[in-house]
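A.B. asks: Please construct the entire structure, taking both the sequences and the accompanying hints into account.
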Amino acid sequence: MLLAVGLAFANNNSSDSDPDYYDDPLVPGIQVISEGVDCPTTGENPCLYEGFQVYDDMGLTVEKRYNQ
1 MLLAVGLAFA
11 NNNSSDSDPD
21 YYDDPLVPGI
31 QVISEGVDCP
41 TTGENPCLYE
51 GFQVYDDMGL
61 TVEKRYNQ
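Per the numbering used here, the sequence shown starts with residue 1, numbered consecutively.
A couple of the hints might just be wrong.
Unchecked claim - DEER-style ranges, computed between Cβ atoms:
no.	residue 1	residue 2	range
1	Pro28	Gln68	32 to 40 Å
2	Pro19	Gly51	14 to 22 Å
3	Asp57	Val27	12 to 20 Å
4	Gln68	Gly29	27 to 35 Å
5	Pro19	Pro46	14 to 22 Å
6	Val62	Gly29	13 to 21 Å
Honestly, the hints are just simulated from the structure, not real lab data.
Since the model is a prediction, treat every value here as computed from it, not as a measurement.
Ideal Cβ positions, reconstructed from N, Cα and C, are used throughout, including at glycine.
C.D. replies: Structural data, given as structure tokens:
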């Protein structure tokens, strides 16, 4: 039983399935990238999706960034 609970918890925290967000000024509202992007929140270079900065939160306050 503990194994099942542990596996369920691990699956819920998968960063691959966490959504990310961006703002296209030509489309009303915040756009959601439901599958997320493989990019951390630290680094020198901005993570882009369709040319727009990707954010970790819907409030667009935590930028996704990476190092080369």
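A.B. asks: Does each hint hold? Answer for all of them.
C.D. replies: Hint check:
{"no.": "1", "hint": "Pro28 - Gln68: 32 to 40 Å", "in the structure": "holds (34 Å)"}
{"no.": "2", "hint": "Pro19 - Gly51: 14 to 22 Å", "in the structure": "holds (19 Å)"}
{"no.": "3", "hint": "Asp57 - Val27: 12 to 20 Å", "in the structure": "holds (19 Å)"}
{"no.": "4", "hint": "Gln68 - Gly29: 27 to 35 Å", "in the structure": "holds (32 Å)"}
{"no.": "5", "hint": "Pro19 - Pro46: 14 to 22 Å", "in the structure": "holds (18 Å)"}
{"no.": "6", "hint": "Val62 - Gly29: 13 to 21 Å", "in the structure": "holds (18 Å)"}
Checked against the numbered hints given earlier, the structure satisfies every one of them.
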